[in-house]
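> Protein chains in written order, with the working numbering: chain A, 1 to 191; chain B, 192 to 382.
No lab work stands behind these hints, which were simulated from the structure alone.
Do not rely on the hints blindly, as some may be mistaken.
[Stated by the list, open to error] Restricting the straight-line Cα-Cα distance to at most 16 Å, the calculated cross-link-like pairs of lysine to aspartate or glutamate (EDC-like) are:
(1) A:21 - B:281
(2) B:193 - B:249
(3) A:13 - B:303
(4) A:129 - A:97
(5) A:13 - A:185
(6) A:81 - A:106
(7) B:193 - B:239
(8) A:21 - A:11
(9) B:306 - B:281
(10) A:81 - A:58
(11) B:204 - B:376
(12) B:212 - A:90
(13) B:212 - B:222
(14) B:272 - A:58
(15) A:81 - B:249
(16) B:212 - B:202
(17) B:193 - B:364
(18) B:201 - B:364
(19) B:306 - B:337
(20) B:212 - A:112
(21) B:272 - B:249
(22) A:13 - A:184
(23) A:40 - A:173
(24) B:231 - B:249
(25) A:2 - A:37
(26) B:204 - A:112
(27) A:13 - B:281
(28) A:21 - B:202
(29) B:204 - A:90
(30) B:212 - B:196
[Said to hold, decoys possible] Quick partial rundown of chain A residues pointing at chain B, CB under 8 Å, derived from the structure:
(31) 7
(32) 30
(33) 78
(34) 110
Values in this document were obtained by computation on a predicted structure and should not be read as measured data.
We put the CB at the ideal spot given by N, CA and C, even for glycine.
Residue-level listing of the chains:
2 protein chains.
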Amino acid sequence: MKLLEERILKDGKIGQGDVLKVDSFLNHQIDVAFVQELGKEFHRLFADCGVNKILTIEASGIGIACLTAQYFNCPVVFAKKTKTNNIYSDVYTSQVDSYTHSRTYDIVVSSEFLKSGDRVLIIDDFLAKGSALLALLSLIRAANAEVVGAGIVIEKAYQQGGQLVRNMGVRVESLARIASMSVEEGITFVG
Amino acid sequence: MKLLEERILKDGKIGQGDVLKVDSFLNHQIDVAFVQELGKEFHRLFADCGVNKILTIEASGIGIACLTAQYFNCPVVFAKKTKTNNIYSDVYTSQVDSYTHSRTYDIVVSSEFLKSGDRVLIIDDFLAKGSALLALLSLIRAANAEVVGAGIVIEKAYQQGGQLVRNMGVRVESLARIASMSVEEGITFVG
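If we strip away everything but chain A, and leave its shape as in the complex, we get:
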């Protein structure tokens, strides 16, 4: 998506440890009008798939998921990162190895909100090693719901997560696919 690639080149900042900071428009400050355009693109890509639920993971996926769900006329469910004392019904649980936070954590989703018969689109901001995406897929599988695909804003295509998940037969649509990234050479995109 040209609009997104241009925005990444303009406002993305490459940090230590292969970090791409897009804090100014995507995951700390959210440029809502811009993210609406991403949502419209996800809708264009998955419009015919009978999506009735969007699944994401807190925190930075939530805004993107909500602004996308409007175009599908469906609710959002976000997986929570720890079991808090106000989720007291049955939950599905999975585990994520966070690259950004250098730790492992559990995610949970209440079984009330993910059910057999649901046609679920996963939305998330980043796909790199694929740990969050694999964990979300595992929640969907546990609920016996159907995964329609995953809509990712930025994929680090030089890491293995995207390939791994596509090899599982899951449709992954990434709006920007980074081929290479370094402080010295900047960012290049796939294709």
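Could you slot chain B onto chain A? The hints should help.
For chain B alone, coordinates are given in the frame of chain A:
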């Protein structure tokens, strides 16, 4: 707001320890079409206040804030709950005593995204003892930005947070104000 009160009576669940669960439409599953209506109401209330930024706190405030910000044509900034290793610029920090999670944590916002001259509307899902709201106000003060007010979805009016913040001269608009709540007697609203 009648629509919201009816929804709370219909779908809210009262849990142990004064917890009101609105997980089915507000803060785990998000009924996006419904939250759009809340956003329109916040816009009606604060339309003339020159709002150029909406500030919230992860995670459950983010969806509401994004769906509200559309009507103000402004960005959202969400305060993060811990200092992660991909926020490496200057930050403002404040502390929240979480009732729900029975712990104290820091919230941070990058100084890039909250500045002198900003006219900030705070959006959050709940107001009870006021700890999160006070922490957000403190971030705004630290940034030397101006607070326009706070838009809260559900206020537990029998707790002291709302009064405390209003006494500071901050305009607080809560779309539903709970007067009393118990498993035995159910929920009553103010007014």
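> Each hint should be assessed against the structure and marked as holding or not.
The hints, checked one at a time:
1. Pair hint residue 21 of chain A plus residue 281 of chain B holds up; C-alpha atoms about 14 Å apart against a cutoff of 16 Å.
2. Annotation: proposed proximity of residue 193 of chain B to residue 249 of chain B is violated, straight-line Cα distance about 27 Å (limit 16 Å).
3. Taking the CA atoms of residue 13 of chain A and residue 303 of chain B, the gap is near 13 Å; set against the 16 Å cutoff, the hint holds.
4. As the CA atoms of residue 129 of chain A and residue 97 of chain A are separated by approximately 9 Å, the hinted pair is consistent with the 16 Å bound.
5. Restraint check: the Cα-Cα separation between residue 13 of chain A and residue 185 of chain A comes to about 12 Å, which is no more than 16 Å; the hinted pair holds.
6. Taking the CA atoms of residue 81 of chain A and residue 106 of chain A, the gap is about 6 Å. The hint holds against a cut of 16 Å.
7. In summary, the hint linking residue 193 of chain B to residue 239 of chain B is not supported, as the alpha carbons are separated by about 23 Å, beyond the 16 Å threshold.
8. A threshold of 16 Å between alpha carbons decides the hint, and for residue 21 of chain A with residue 11 of chain A the separation of about 9 Å falls inside it, so the pair holds.
9. The suggested pairing of residue 306 of chain B with residue 281 of chain B holds, with an alpha-carbon distance near 12 Å, which does not exceed 16 Å.
10. Under the criterion of a C-alpha separation no larger than 16 Å, the hint pairing residue 81 of chain A with residue 58 of chain A is consistent with the structure, at around 7 Å.
11. In summary, the hint linking residue 204 of chain B to residue 376 of chain B is supported, as the alpha carbons are separated by about 12 Å, within the 16 Å threshold.
12. Of the pairs offered as hints, the one joining residue 212 of chain B and residue 90 of chain A holds, with about 14 Å between alpha carbons and a cut-off of 16 Å not exceeded.
13. Distance restraint check for residue 212 of chain B and residue 222 of chain B: the Cα-Cα separation of roughly 14 Å lies within the 16 Å cut-off, and the hinted pair is therefore satisfied.
14. Taking the CA atoms of residue 272 of chain B and residue 58 of chain A, the gap is about 12 Å. The hint holds against a cut of 16 Å.
15. A hinted pair counts as satisfied when its Cα atoms are at most 16 Å apart, and residue 81 of chain A with residue 249 of chain B qualifies at roughly 12 Å.
16. For the hint linking residue 212 of chain B to residue 202 of chain B, the alpha-carbon distance of about 9 Å falls within 16 Å, and the restraint holds.
17. About 14 Å separates the Cα atoms of residue 193 of chain B and residue 364 of chain B, which keeps this hinted pair within 16 Å; it holds.
18. For the given pair, residue 201 of chain B sits about 22 Å from residue 364 of chain B by alpha-carbon distance, which is inconsistent with the 16 Å threshold.
19. A hinted pair counts as satisfied when its Cα atoms are at most 16 Å apart, and residue 306 of chain B with residue 337 of chain B qualifies at roughly 9 Å.
20. Between residue 212 of chain B and residue 112 of chain A the alpha-carbon distance is near 13 Å, which keeps this suggested pair within the 16 Å criterion.
21. For a cut-off of 16 Å, the pair hint linking residue 272 of chain B to residue 249 of chain B stands: about 7 Å separates their Cα positions.
22. A distance of roughly 12 Å separates the Cα atoms of residue 13 of chain A and residue 184 of chain A; the hinted pair therefore holds under the 16 Å criterion.
23. For the proposed pair residue 40 of chain A and residue 173 of chain A, the alpha carbon gap of about 13 Å is at most 16 Å, so the pair holds.
24. Of the pairs offered as hints, the one joining residue 231 of chain B and residue 249 of chain B is violated, with about 21 Å between alpha carbons and a cut-off of 16 Å exceeded.
25. Between residue 2 of chain A and residue 37 of chain A the alpha-carbon distance is near 11 Å, which keeps this suggested pair within the 16 Å criterion.
26. Using a Cα cut-off of 16 Å, the hinted pair residue 204 of chain B and residue 112 of chain A holds, with the two alpha carbons roughly 13 Å apart.
27. Taken as a hint, the residue 13 of chain A and residue 281 of chain B pair is honoured in the structure, with Cα atoms around 15 Å apart against an allowance of 16 Å.
28. As the CA atoms of residue 21 of chain A and residue 202 of chain B are separated by approximately 39 Å, the hinted pair breaks the 16 Å bound.
29. Annotation: proposed proximity of residue 204 of chain B to residue 90 of chain A holds, straight-line Cα distance about 15 Å (limit 16 Å).
30. The straight-line distance between the Cα atoms of residue 212 of chain B and residue 196 of chain B is roughly 14 Å, inside the 16 Å bound, and the hint therefore holds.
31. Contact between residue 7 of chain A and chain B, as hinted, is not supported at the beta carbon level, the nearest pair being about 13 Å apart and thus beyond 8 Å.
32. The beta carbon of residue 30 of chain A is positioned within 8 Å of a beta carbon in chain B (closest approach about 4 Å), and the interface hint is therefore held.
33. A distance limit of 8 Å between C-beta atoms decides the matter here; for residue 78 of chain A the minimum to chain B is near 7 Å, and the interface restraint holds.
34. Below 8 Å, beta-carbon pairs count as interface contacts, and residue 110 of chain A has one with chain B at about 6 Å; its hint therefore holds.
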